[in-house]
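A.B. asks: Chain by chain, the residues run as shown.
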Amino acid sequence: MNIVVCVKAIPYIEERVKIDRSGKDIVKAGLKFKINDSDENALEEALILKEKYGGTVTVISLCSDRELTYAEQVVWECYAKGADQAILVCDKIFENPDPYITSKTLAEALRSVKYDLILTGCQAIDDSYMQIGPMIAEILGLPYTTLAVKIQVLDNGRILVHRELEEGYRQAVEIKLPALITVQTGINLPRYAALIKVIAAKKKPLRKITAQELKLDVEMINSWRNIFIEEMYIPKAERAAQIITGSPEEAATKLALIISNTLKSG
Amino acid sequence: MREILVIAEHREGELRSSCLETISKAHEVADKGGLEVTSVIIGSNIKSLAEKLREYVSKVYLAENHEITYYDCEIYKHIVSKLIREVKPLMVLMGHTSYGMDLMPGLSSHLSLPLVTDCIDIELSNGKLNAIRQAYGGRVNVKVSLKPSETYLATLRAGVFQPAKPTQTKGEIVEVDVPPLELKVKHLEVIRPEIEDIDISKADIVVGVGLGIGAREKIPVVKELAETLGGVLGCSRPIVDRGWLPQTRQIGFSGKSIKPKIYIAVGISGAANHVAGIKGARTIVAINKDSGAPIFNISDYGIVGDLFQVIPILVQELKKVK
Ligand SMILES: Cc1cc2nc3c(=O)[nH]c(=O)nc-3n(C[C@H](O)[C@H](O)[C@H](O)COP(=O)(O)OP(=O)(O)OC[C@H]3O[C@@H](n4cnc5c(N)ncnc54)[C@H](O)[C@@H]3O)c2cc1C
Ligand SMILES: Nc1ncnc2c1ncn2[C@@H]1O[C@H](COP(=O)(O)O)[C@@H](O)[C@H]1O
Chain A
675 MNIVVCVKAI PYIEERVKID RSGKDIVKAG LKFKINDSDE NALEEALILK EKYGGTVTVI
735 SLCSDRELTY AEQVVWECYA KGADQAILVC DKIFENPDPY ITSKTLAEAL RSVKYDLILT
795 GCQAIDDSYM QIGPMIAEIL GLPYTTLAVK IQVLDNGRIL VHRELEEGYR QAVEIKLPAL
855 ITVQTGINLP RYAALIKVIA AKKKPLRKIT AQELKLDVEM INSWRNIFIE EMYIPKAERA
915 AQIITGSPEE AATKLALIIS NTLKSG
Chain B
2 MREILVIAEH REGELRSSCL ETISKAHEVA DKGGLEVTSV IIGSNIKSLA EKLREYVSKV
62 YLAENHEITY YDCEIYKHIV SKLIREVKPL MVLMGHTSYG MDLMPGLSSH LSLPLVTDCI
122 DIELSNGKLN AIRQAYGGRV NVKVSLKPSE TYLATLRAGV FQPAKPTQTK GEIVEVDVPP
182 LELKVKHLEV IRPEIEDIDI SKADIVVGVG LGIGAREKIP VVKELAETLG GVLGCSRPIV
242 DRGWLPQTRQ IGFSGKSIKP KIYIAVGISG AANHVAGIKG ARTIVAINKD SGAPIFNISD
302 YGIVGDLFQV IPILVQELKK VK
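In the order they appear, the protein sequences are chains A and B. To convert, count from 1 in the first sequence and add 674; that's my numbering. To convert, count from 1 in the second sequence and add 1; that's my numbering.
Excised from the complex, chain A in its bound form:
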């Protein structure tokens, strides 16, 4: 089975974010980047299927020129884990694309690739749209299902998928290949990429595709845009937490009193 996995490099945030001068984005300079959570699960699932049934795993990522080094790092890690091919769709015109632009472009790039199954993450946790998987499927005319927490190959090109619902419920569906499935975290435990393998992977060929090679230009990309970001801001607190200050000892001691009083007052 030939599988394509869509992977995105996302900023890894451990501290307060800052809004940049445009007021429409966060300050990304100085942030570390990593593969999006559920994309890592999607890759793992693809590798598991390849080990069982043979075939190839191709990873594809779309980024702007500025993000190229991050995307490359992510793709090398995918190689180190066992991906066979990598495609980077990279161009300066892919600065802050909206979900439809990303989907259209990835779908265009995938027209020259042979696949039976496309896997994406269910959500990129930076802008959290949850749109791209189903959109790519629809553009390519593939059936799709989302939020997979179990994928099992049946006979005759059918796949059993458990998709996650709310509150611990799941829905079992059967889907016919070729198809697209979005993967939820928890479906598997992703393997680690050994550092030596990541270094070795940098020698592997990387297919880079520019907008021009896909016959795309700024005008066309702009005509696809559905979502315009007007403003980004830090949300106001719903309940402003009373922050307990002092050394860890002092703060913990004060908190112990607050907790016991809260519980006593019922």
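Be aware that a few hints might be false.
Listed below are the simulated PhoX-like cross-link pairs for lysine-lysine, each with C-alpha atoms no more than 20 Å apart in a straight line [what the hints assert, rightly or not]:
1. A/Lys692 to B/Lys290
2. B/Lys323 to A/Lys938
3. A/Lys824 to B/Lys185
4. B/Lys144 to A/Lys702
5. A/Lys692 to B/Lys144
6. A/Lys850 to B/Lys260
7. A/Lys850 to B/Lys144
8. A/Lys928 to B/Lys148
9. A/Lys938 to B/Lys260
Derived from the structure by calculation, the hints contain no laboratory data. Here the structure is a predicted model, which is why all the values come from computation and not from measurement.
Model the placement of chain B with the ligands on the given structure of chain A, informed by the hints.
C.D. replies: Frame of chain A; chain B with the ligands shown alone:
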């Protein structure tokens, strides 16, 4: 009058609460814009649900067929697409739920209509749809506008809007055809949650452990806090994903909703999908080393610090005051 069409969601013979929340927001937008709110419901044996639904909207499109045993992406997509083409609603809304997340992006591409997902607010301004949504795990709010369109699609975050109240008048019911379809994605069955060891949704005191714990071996540090308080240990999703605690302990959108007197979130960032499960907690306490963690935005008390320094002392002090 142009319509705001809400795609109704139901499970196990009940309308989902997110559906009534979406209807309520739809009414708010409709009242300002001179629009009417309608709804489409799809499934088998749904006459009584349609009866209920008509208490909230002016028209219910009823697509009933015994073959539609459950939510089915392709059937929903087909019926709703046809309805959109015929009715040309100004807006089509659905909850940002496992059905909405599945259906709406496909519908958007299929009909080339703009979609904005997981909105915490929407407004119509000069016929254009603006929305507020969140990014970076709730750290930032993003105000967006959609490309001008005849019809806009949006999904609304569950738990944000008050559920609609029934109105005096009952809407009309319009039956919609369900054509035979050859499906490439077939519903097989619903799998219900496992039987729990402990029901965290009923506990008075819950301590939640998140990925800040770093390793499975460290979980007892937080468990001891729960035990000292006579409460139960819950967790965020990544803890379950890694197999460190069973699914029955997961708090949030895809886990349990809890309503304790006190919830203490330890090493949890406060992503919307976690927060969805703690709306009913009376007092929320957060311990997190990142002062910008969104969990502090919904907490009553907080300590910005390293849990490994704070928790042992907290446990020791709680034992004293007891
Ligand atoms: C469809 C869908 C459904 C989902 N359902 C759920 C759900 O039901 N429940 C759920 O929880 N999530 C759910 N999620 C995932 C959710 O979006 C978040 O990814 C998740 O809640 C993050 O968990 P976390 O806060 O434990 O981890 P992180 O976001 O990684 O946060 C860890 C936190 O620990 C802090 N920290 C690190 N070290 C320390 C230390 N030493 N001391 C103190 N603090 C420290 C960090 O500052 C950080 O804030 C769902 C996602 C999707 C897409
Ligand atoms: N720039 C990108 N390059 C490759 N895949 C992407 C990109 N953006 C999103 N995806 C894929 O689409 C999924 C859903 O993204 P989103 O709809 O933005 O939440 C991600 O988990 C990825 O698998």
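A.B. asks: Each of the hints needs a verdict: does it hold here or not?
C.D. replies: Each hint tested on the structure:
Between the alpha carbons of A/Lys692 and B/Lys290 the distance comes to roughly 17 Å, so the proposed pair stays at or under 20 Å and holds. This hinted pair checks out: B/Lys323 and A/Lys938 have alpha carbons roughly 10 Å apart, not beyond 20 Å. In summary, the hint linking A/Lys824 to B/Lys185 is supported, as the alpha carbons are separated by about 18 Å, within the 20 Å threshold. At most 20 Å may separate the alpha-carbon atoms for a hinted pair to count; B/Lys144 and A/Lys702 meet this at roughly 19 Å.
Annotation: proposed proximity of A/Lys692 to B/Lys144 holds, straight-line Cα distance about 16 Å (limit 20 Å). For the proposed pair A/Lys850 and B/Lys260, the alpha carbon gap of about 42 Å is over 20 Å, so the pair is violated. Pair hint A/Lys850 plus B/Lys144 does not hold up; C-alpha atoms about 39 Å apart against a cutoff of 20 Å. Between A/Lys928 and B/Lys148 the alpha-carbon distance is near 52 Å, which puts this suggested pair outside the 20 Å criterion.
With a C-alpha separation of about 17 Å, the suggested pair A/Lys938 and B/Lys260 falls inside the 20 Å cut-off, and the hint holds.
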